[in-house]
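*Asks:* Take a look at the letters that make up each chain.
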Amino acid sequence: MGMSAATTAAEGIKFCIFDLRRGQQEGQELDKILFFFPADLPFSAQLSVIGLSEGLITFTRIFSPAAACEVIEAERHSHVFYEAEPDIWMVMVVEKNESEAIWRIDALRKVLKEVHSLFLMFHGSIRTLIEKEPAGGLIRSHLYPFIMDYLSACQKRSLLDNCCWDFLLGKKLQLPSFRDCLKERGTVQMLTVSREAAIEVQSLVRVLESFAGNTQFYSLILFQDLLVSTTLSPVDTINLFTYAVLRLTPRALSSGVSSWSYLRKGSTTSNVATGSILAQSASVSEQNFRSQDTSPPGGVNSHHIARPLQPDRWSKGKDGFLVTDIWGAEASGSTSATPTIWLQQTEERVYVCAYQYRSLTLILLVPVASILNGEQGVLVVKQQILENASLKMFQIEEKLSKGWAGENAYHVSGYRYLLVDGDRDVSRASPPGKVTTLTKESLLALSKVREEVDLEKGRMEHDNAGQEKDLEVCIRAKNNAWVIARITKGKELYMVLEKANETVLYASDAVEKFSNRYCNGAFSLD
Amino acid sequence: MSSDSSSTSGDEFTNPNPNSTSKSLEDQFASAALTEPDNEPPEIQESPNGVVNGSVGENNHGEIESNEREGAVGSNLEARQSARWRRTNSEVEVEAPSSPSSSGYAGERGSSSASGSSVGFEMMSGGIGGGDDVEIQEVSNVDSIQDSQASWVPGKRHVDEDDASLSWRKRKKHFFILSNSGKPIYSRYGDEHKLAGFSATLQAIISFVENGGDRVKLVRAGNHQVVFLVKGPIYLVCISCTEEPYESLRGQLELIYGQMLLILTKSVNRCFEKNPKFDMTPLLGGTDVVFSSLIHSFSWNPATFLHAYTCLPLAYATRQAAGAILQDVADSGVLFAILMCKHKVISLVGAQKASLHPDDMLLLANFVMSSESFRTSESFSPICLPRYNPMAFLYAYVHYLDVDTYLMLLTTSSDAFYHLKDCRIRIEMVLLRSNVLSEVQRSMLDGGMHVEDLPTDPLPRSGTLSPHLGQPRDSLESFREPFVGIGGPAGLWHFMYRSIFLDQYVSSEFSPPINSPRKQKRLYRAYQNLYASMHDKGIGPHKTQFRRDENYVLLCWATQDFELYAAFDPLADKAVAIKTCNRVCQWVKDVENEIFLLGASPFSW
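So the protein sequences, as listed, match chains A and B.
Per full-length UniProt numbering, the first sequence starts with residue 1, numbered consecutively.
Per full-length UniProt numbering, the second sequence starts with residue 1, numbered consecutively.
Honestly, the hints are just simulated from the structure, not real lab data.
Any given hint could turn out to be false.
Not close to chain B: a few residues of chain A, all C-beta gaps over 10 Å, as computed [unchecked claim]: (1) 70; (2) 174; (3) 344; (4) 379; (5) 386; (6) 392; (7) 403.
So the derived label-pair ranges between C-beta atoms look like this [to be verified]: (8) A/458 <-> B/276: 34 to 40 Å; (9) B/593 <-> A/459: 42 to 48 Å; (10) A/390 <-> B/575: 53 to 59 Å; (11) A/97 <-> B/232: 22 to 28 Å; (12) A/127 <-> B/518: 42 to 48 Å.
Glycine is no exception: its CB is placed at the ideal position from the N, C-alpha and C atoms.
Using the sequences and the accompanying hints, generate a full structural model.
*Replies:* See the structure below:
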């Protein structure tokens, strides 16, 4: 019964990863498939998706050798392509319907990018894992749980974003639709801090750096779900920030406990008991994969594979450090192993030490190479945090909490907006609760405008013109809402003004005011 | 029965059953290909569906046959062969076909009663010869050519290419027509026959998706879009990196399909029902020019996306005079009488209740203008108006009154040639006598609305009509002075105004700085994008749009009555630009008598 529920729920979406370098011989096509969701789809149907994708990649390269197929739009489905690594493609097929399933392709592609970036952070590149074990068992056994966990996280996160706790909704995969047009995946959200607090944060960061000696530690500090400070490269910042908001911040930790705990009652196997349909189908298809696996039985599966995105596996210890058994237990068995991740920028492996005081989360990244005695060395670093940094953190937390206006801190009345700084990968937006007050028509219109802007941006990228896009679009929609997009100097502003006056001048005035007050005049005309 | 007829020769065409539909076009085509075109014209009452009904009362051809078409096919094949000959040879050596009949399309025996006459009914003879290959496709440098419309020569380009050629792959915009079995029917670039493999690939993509219970619309890759349109057994595909929106490209495929129907009618579908492997290329032999000229118009003619037609500016009385005589003719059994100058309408009259879709007008005008033979002699040719009735042929009598001005008289009757010829003589006489033709030529010289002439004062114009679109002639020069090279007031560079009820649009003349074909094309594409953005299927139409990028400020204002599209200098002040748009609308209203065909139905006159 659980299975049938799973299939109906997942009917709208297919998601696959395949390697064009594999399975070139006839009859070996299955070898190409590294991941397929839903896994219980018959192989013939899986191959059909991959066959079409591969065919169009080849076909489009005739005309566009540099950028192959990005999307297929059919009447009932959109197929979104992303070449994650050379010859390794991710394809997501989503169903369209009139009411809610209206997608912005770029937003969907960002989902693919995000899942791949996170995978890189935890497991390294797909190609490396394939090369490690050419039969493919290793990469499959890594991808499967990872992506299934990600998708279920996708479920939960959007529920959080909507401040909605109806778990029936949770059975359906919540991909970013037109309703999410005032959000930007793959960016971080920053906390605006007072000058005074900023200085204290700076000094905390300096203290943390001093632990490193001659090597370099990196740090990331969050207040609630907002970034306060980072010393990581932009790409690593985004990945770790995304992960922290998913799994580490106070809200992520508490939502796990409060929401899932009652579901666990009376259940013995924690895996199924998450109540998630995805998790169920995951366990089913893990078997699938095992049977499909050509590698010697036990060879791969005996290997422990960390599932960093698995929900509810992090908790806060008494000492304030966040702990998890995801990375297995230490050899001694008493304590959990410290997680490690890959930094893309420096290509080094680092330990992740997360310390939390109330709303403040500190993530210190310690290069594995800089510590000779492994976990012992990590303990020393943790001790240093407790001794030298914790007091500063208390003070900062207090200061930030005082200045924090709560969930609607960044609401600007009368405006529904999204502000993206593409150079810094930072975005700020109206709080989700406020965005829901917009009519469907307004959201659809904005989503459409964003799609136009996405296309223009894509052209700029492909043309490599080097010049920066400067664009202003201001539309009075049928429902009299103003839908606005402004692109200038790498910054983007999207806005919906409902209940506004009818002249274009009024609308641009509103943008001007907003720009002067909240964007340092970035979008002002002079 | 159909199996019998498939092996028959031309003599057995006579089908005793006028309503028989068992005999497919294909059979007829197949056998017709074997016959000599100047046989005694067979009387076939093959009726696609008999939809065209008699606004022409006495007409027993209300059910339109396709016999004319058969006559054509024989020569089609020849045309095809000569076309192929041309393609394999250096294009410089190409000259006009030896005789019109060798490449004539629907030719010689256009109607049974008139077929014996020596009047040149041939059409399309220019089709083969017209194609001196001038490299002015998007790929090449367009800037060097002063006026793209004037110097553009229709005809197929780059026939020596195929999908293996790098140059072919780099063409900015491909169009393909193929059958659902993957047989190539038309390709903008390259030889269809060499593209059979490529065609099969396109077909495979479409049917693969279809087998999955879906229908592919668009594939995007980098700056390229592949747009698909399925029309029964006919597949149309566009592969483009021109930055045009999907909706525009799809609309262009619809027009190409419409152009094909104009030549063949939809009954060609039956050929495919009969034989999925049916080869349609011979039926379209020699029509390359028609398609290439249509495709060319996708980059300069706003009618292709506005779905409206435009009129040649004329004094109200002049246009009324032309309308009156056309109406006289229409009352005598002509379905539509259209007087045009290039792609602009001078006047247009339809029989009671018959109305002409702007897209049909576009396709018809393109068909006539792209075929050289229409210019040299009066012609009588079967055509189909896809929006009027896609299943049936009408008959078009076409005659050029001067180098740019031509008269088209459409009828349902295949033997109306002499009647229409008489009509034309009457019309021509009246037009000459009332100086309409000279007025037309003057208007061509003067051009239409110039942004430099936009009246500065917002006060309503005086009631009397000024000689040229509301602007006193003599003051024009001094008036334009301050704006030389920078367009009109407030940085206004160009505008288009579409009247919803009239199905007509007016567009200002291009003036500096929009003076090179490349700049014009870029603006045209910007309008296309604006149009698509305003008319989104799901949520449109929007009411207003202001858009500024590094090239323009664009404004669109859509109401129930009209749509205004205006382009300004990118540095134009928003408030002033909006005021200027209001003035443009006022200006258009002031001169609407001259720029639009009003009260097209003359009963109100």
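*Asks:* Give a verdict on every hint.
*Replies:* Hints and how they fare:
no., hint, result
1, 70, "5 Å, violated"
2, 174, "21 Å, holds"
3, 344, "25 Å, holds"
4, 379, "51 Å, holds"
5, 386, "53 Å, holds"
6, 392, "48 Å, holds"
7, 403, "38 Å, holds"
8, A/458 <-> B/276: 34 to 40 Å, "39 Å, holds"
9, B/593 <-> A/459: 42 to 48 Å, "43 Å, holds"
10, A/390 <-> B/575: 53 to 59 Å, "58 Å, holds"
11, A/97 <-> B/232: 22 to 28 Å, "26 Å, holds"
12, A/127 <-> B/518: 42 to 48 Å, "44 Å, holds"
Violated hint for the displayed structure: number 1, the only one.
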